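Those protein sequences? They're chains A and B, same order as listed.
1 is the number of the first residue of the first sequence in this note's numbering; add one for each residue after it.
1 is the number of the first residue of the second sequence in this note's numbering; add one for each residue after it.
To be clear, the hints were calculated from the coordinates, so they are not data collected in a lab.
Hints may contain errors.
If chains are identical, the list can't say which one is meant, so a pair holds when it fits in one copy or spans any two.
[As the list claims (entries may be wrong)] Straight-line Cα separation of at most 27 Å, DSS-like style, residue types lysine-lysine; simulated pairs: (1) Lys263 / Lys277; (2) Lys277 / Lys246; (3) Lys78 / Lys201; (4) Lys96 / Lys84; (5) Lys246 / Lys175; (6) Lys96 / Lys78; (7) Lys253 / Lys263; (8) Lys78 / Lys197; (9) Lys318 / Lys117.
Given the structure is predicted, the values throughout are model-derived calculations rather than measurements.
There are 2 protein chains.
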Amino acid sequence: MNKKPTIALDAMGGDHGPSVIVPAALDSAESNPHLRLIFVGDENVLRQHMGDALTRLGDRISLHHASQTVEMHESPAKALRGKKDSSMRVAIDLVKEGVADACVSAGNTGALMAIAKFVLKTIPGVDRPAIISAVPSMGGHTHVLDLGANVDCSAEHLYQFAVMGYELVRAVEDKDNPRVGLLNIGEEEIKGNEQVKEAAKLLAGAHINFIGYVEGNDLYSGNVDIVVTDGFVGNVALKTSEGLAKMINHSIKQAFGRNILAKLAGLAAMPVLHSFKRQFDHRRYNGASLLGLRGIVIKSHGNADRLAFANAIGIAVKEVEKAVPSRIGERIAEIFAERKTA
Amino acid sequence: MNKKPTIALDAMGGDHGPSVIVPAALDSAESNPHLRLIFVGDENVLRQHMGDALTRLGDRISLHHASQTVEMHESPAKALRGKKDSSMRVAIDLVKEGVADACVSAGNTGALMAIAKFVLKTIPGVDRPAIISAVPSMGGHTHVLDLGANVDCSAEHLYQFAVMGYELVRAVEDKDNPRVGLLNIGEEEIKGNEQVKEAAKLLAGAHINFIGYVEGNDLYSGNVDIVVTDGFVGNVALKTSEGLAKMINHSIKQAFGRNILAKLAGLAAMPVLHSFKRQFDHRRYNGASLLGLRGIVIKSHGNADRLAFANAIGIAVKEVEKAVPSRIGERIAEIFAERKTA
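Please work from the sequences and hints to get the whole structure.
If you want it as structure tokens, here you go:
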């Protein structure tokens, strides 16, 4: 709880690189006096974005040179083998070495996952790391995993995702017994594929709060805290939501711009529409955790702006404070012990 | 084009049964003077909902007695074996016998699909029927299939879905060469599962306008006309969208009810918000087609209201006018012929 978190930043990653990441991170440092930041990247470039922060924030801020950058569309295999001095790799190395407590990157997801897995390794008993993020829901928010790290998942994988998600939400949300649901479809004849049915059996015996099957609408219904699915389905659900939200947003704007009366109505409605938009501001949900690694790695959207990237740093801080990887490690070890004696 | 459509209605199906279905269907008959309707169900019950329609609309309306009803949560196998005189079964039988050109039901999807497959059979060359429906998109709408009939799909199944969807949209939308996309996820390392990759290869050789992979957001982007995926993913994408739309709708209402100022703003904005809501009114998208059968079967939402059910009838009428099953049959036959000579 009282750990002072040190976060390593892949300061060259994402669509905007240091021009967004540096100011976002400095915002975080200003607002959290316990936070230490290591900016990893081209030192000359980074200095240009620092202003007087290095003197103002003293030893809470440091630069760590890295000569390479992983490109947004570079293949993970190439990034892993060929870019050992990339800002992404060095930031993760700092976590491995214990110099940093967590790493935040807006770089390419595939490369980040491949490098993080290679450098940090998975928690014993975890077969595959998964990507988890929160979405807003009626009365709160819902965590969803996997969001794209694993296309095909066995029942055992889904089971492990459920356990990891449960421990994460217990830790960072201070929820004692969050509800875990397994994503399925509702048609009687065809309820679920084999993996999902088998995972439901495994989860019924796990000591977590498994509430059974949920459907797509439950991502937003507030009836469940953690939704478990494979990476293909999770990714489609998330992207579909992004697409729909964008279309609705666009249409609201268009409707209020249609003619002079609509524009006047829009002026009157503006404060309300703003508060409504703030509630669903995707920037306030930016930051997905690579769960199941022996270290904390947070993936920011590539096109995150200052507020969004600062949010991802906030998620990293919380996971450090709550020691998420060791909590997951302990729970997985318990389960293995139970299974052996069973 | 000039065919006068006769639609058989499963008048007992859905959450509301004849109390919604009869007035909805009569609305359709009033507004389309060529439409003939056969109401299938308990004749005594149906008569009570008819008012003076039987005399007013003359031989365009008829009743066809069926003694049983398929329950909303009845197992498809049980409905198929045990309810041979159900309104659902008899309505489909009428299509099989050529008495009706199409059937519309708000009954349970699993049972409807099972009975329709058994009675009507699939089009030669089609391995599995699929469920397709439209969603609103930027600048129009997108058709998505499969929405839940097939949980696990091979590449060949996805290929056939694409061909069927292409022919349907060509027919009912009067689009000459609609764009077909295969739903996938964007992470480099893990792009797609084996079925999706293999289906992409098959589709590249098909004589349809295959534009390649699309992602979840493309359901709403307007960049594609037909999105092809398996029934698990399609169902989750649709239900997720429903859940998000419901939450947003709820939150807009809440935001405009928060205090007196917000309420006044809501009054000013009401006409605009109404036009916005009308644009995305899910009732105007009610009606999914069971595609790939030797006959037209339209599934309405179980809880459809009058406007929504009438919309489903409208879809049935369009598919009759455009002879969708024979168009699909011809295209599939062509493909088989090409494959033999290839």
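Hint numbers not upheld by this structure, sorted from lowest to highest: none
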